[in-house]
Amino acid sequence: MSCWEDGNHLLSAAQRCKLVSVLRAASALVDTLLFCPKNFLRSLVKQLPHVPLEVVCSLHAASLASLESFLRTSGASVQYMVAAITSLSCEENVSAEQIAVMQTAAEAVCELVTKQCPEALEVVKQLPQAMQATPTYSLLRAAVASTSISSAVAEAVGAVMLSSRLEEPPLSMPEAVSQQETWQYSSLPQATISLYSDLLSVLGTTHFAELLQKALSVEQLNWPALLQAVVCFLQHDQSTPRLLTELVEGLVSEGLEEGDTHLLACGLLFARQASLEGSHLFTSYGHWLQNVFGDRSGTFIKGKKELLFLLKMLSALVPHDPVFALKAHVSHPPRQLAKCLAQVNDYVTLVSTRLQDLGEKVPSGGKTDVDARQEVEEAIEHYSCTGSIPQSVIEASRFRQPYYLGRFLPSLLCPSSTCSEPRDQFISALAREKIIPPRMMRRYEKACQEMKGRGNVLLLVSRPSAVGVSRDGECDWRCGV
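The working numbering runs 32 ahead of the 1-based position in the sequence shown.
If you're looking for bench data, these hints aren't it; they were derived computationally from the structure.
Treat the hints with care, as some may be off.
With beta-carbon atoms standing in for the labels, derived distance ranges [as the list claims (entries may be wrong)]:
hint: 1; residue 1: 74; residue 2: 354; range: 56 to 62 Å
hint: 2; residue 1: 59; residue 2: 271; range: 22 to 28 Å
hint: 3; residue 1: 351; residue 2: 371; range: 37 to 43 Å
hint: 4; residue 1: 74; residue 2: 129; range: 26 to 32 Å
hint: 5; residue 1: 390; residue 2: 199; range: 19 to 25 Å
hint: 6; residue 1: 390; residue 2: 335; range: 21 to 27 Å
hint: 7; residue 1: 236; residue 2: 60; range: 30 to 36 Å
hint: 8; residue 1: 347; residue 2: 81; range: 37 to 43 Å
hint: 9; residue 1: 270; residue 2: 79; range: 51 to 57 Å
hint: 10; residue 1: 246; residue 2: 60; range: 47 to 53 Å
Just so you know, these numbers come straight off a predicted model, no measurement behind them.
Ideal Cβ positions, reconstructed from N, Cα and C, are used throughout, including at glycine.
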């Protein structure tokens with residue numbers, strides 16, 4: 033049995049012949065009750081600490097010493113089995129002998145898993161992590177090929193293997209958020225793709241999706257493994273994009289309804305990961321945000337409670353969000369309810385500031401400009417009725433200056449050749465309170481005078497971008513003809 037010294041779990045032809053003779057003799061002794069499996073295993077392990085897997089499987093197949101007995105007799109049983117199966121799985125050329133040994137091992141392990149044998153369960157749990165090289169023939173593939181293993185048994189083993197892979201987190205959720213782009217399908221090791229392909233073949237897409245969702249019941253997750261599973265699932269066949277969309281929307285809906293940050297974040301990360309695979313499989317992240325949280329009848333945001341909960345979670349992720357996600361959130365902010373405009377604008381400002389800190393260009397999504405115009409009209413109406421400046425405007429001028437200077441005032445200070453008394457009175461009130469920068473006010477007055485002087489020959493495009501923020505923090509006047 034010196035083959036172990038070479039790291040080989042298969043016997044040579046000569047050794048195999050000797051083993052056949054030993055097995056034949058042992059079987060004859062069994063008939064005469066002169067063979068004791070326990071004593072035989074103790075003697076074997078004592079004389080040969082590292083028994084080739086082919087020997088173990090041959091003893092099991094001949095009903096001389098079961099794999100369960102071997103696992104309980106050998107001191108380092110679990111580590112031995114994991115190392116042995118991994119070694120055979122990573123052989124470059126898969127031989128007939130290797131396939132035979134793997135099938136016998138698969139049959140024995142599957143049988144023990146169904147009996148809830150602790151050692152066998154531990155072997156199955158450790159296999160995915162151990163097989164990080166390039167396995168060419170996995171235990172699962174051997175189990176599927178074996179005629180003596182039912183599909184239900186193979187499915188049970190696959191479930192244990194998948195569930196265990198999603199445990200023991202190497203990264204926290206914030207760390208995972210910042211690294212999502214590294215787990216695209218095209219970047220995954222072939223061993224990882226093969227593993228999930230085998231699991232999907234054994235479990236089926238529906239059961240695989242159910243196990244993914246079940247894994248989320250534990251807050252401590254192996255995020256790299258989970259998100260890699262998501263992209264492999266998405267790429268599997270034509271039905272999986274629909275199944276993943278249903279899973280994601282279910283997580284988001286339940287997360288918002290139950291106030292469950294974990295489920296909501298999982299749905300968000302799943303959608304991000306899937307969107308990186310291309311629009312032919314999953315809609316872009318921006319479009320997904322618009323469909324799920326935007327202004328439409330089917331949005332999951334039904335009221336103020338859901339919106340504020342979503343904004344709180346999104347704000348916590350901003351320091352860790354990748355650039356593509358930040359830009360999508362600026363271009364497609366959540367549905368804006370009348371009572372939550374300030375909170376949504378605060379979030380957009382927070383994301384925009386983060387993009388600027390990263391040296392990235394902030395998207396000029398028109399949605400927030402429309403909302404600024406709406407807030408301006410509401411403020412003018414409030415001033416006309418009460419004669420006082422709305423408290424929300426005063427607070428914005430003090431605590432939300434990027435939004436106030438960059439969107440609110442440009443929406444308010446749109447020059448016109450005609451007089452609008454309520455608007456002019458409101459602007460004058462802000463100027464008296466010194467919450468309009470003098471330079472911006474002068475430019476507004478000058479632009480209005482120029483329009484009157486030209487007799488309305490020029491048609492100016494009245495939009496929030498008409499007054500932009502300059503490098504010195506004040507705003508530049510820009511007009512269109």
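Checked hints:
For the pair residue 74 and residue 354, the beta carbons lie near 57 Å from each other, so the given range of 56 to 62 Å is met. Between residue 59 and residue 271, the C-beta spacing of about 50 Å breaks the proposed range 22 to 28 Å. With their beta carbons about 27 Å apart, residue 351 and residue 371 fall outside the hinted range of 37 to 43 Å. For residue 74 and residue 129, the hinted distance range of 26 to 32 Å is satisfied, since their beta carbons lie about 27 Å from each other.
As the Cβ distance of residue 390 to residue 199 is approximately 33 Å, the hint placing it in 19 to 25 Å is violated. Separation of residue 390 from residue 335 is about 33 Å and departs from the stated range, judged on CB atoms against 21 to 27 Å. Range check, residue 236 to residue 60: Cβ separation about 46 Å, and the 30 to 36 Å hint is violated. The hinted range of 37 to 43 Å is not satisfied by residue 347 and residue 81, whose Cβ atoms lie roughly 58 Å apart.
Range check, residue 270 to residue 79: about 56 Å between beta-carbon atoms, so the 51 to 57 Å window is met. At roughly 50 Å, the beta-carbon separation of residue 246 and residue 60 lies within the given 47 to 53 Å, and the hint holds.
Of the numbered hints listed earlier, those contradicted by the structure are 2, 3, 5, 6, 7, 8.
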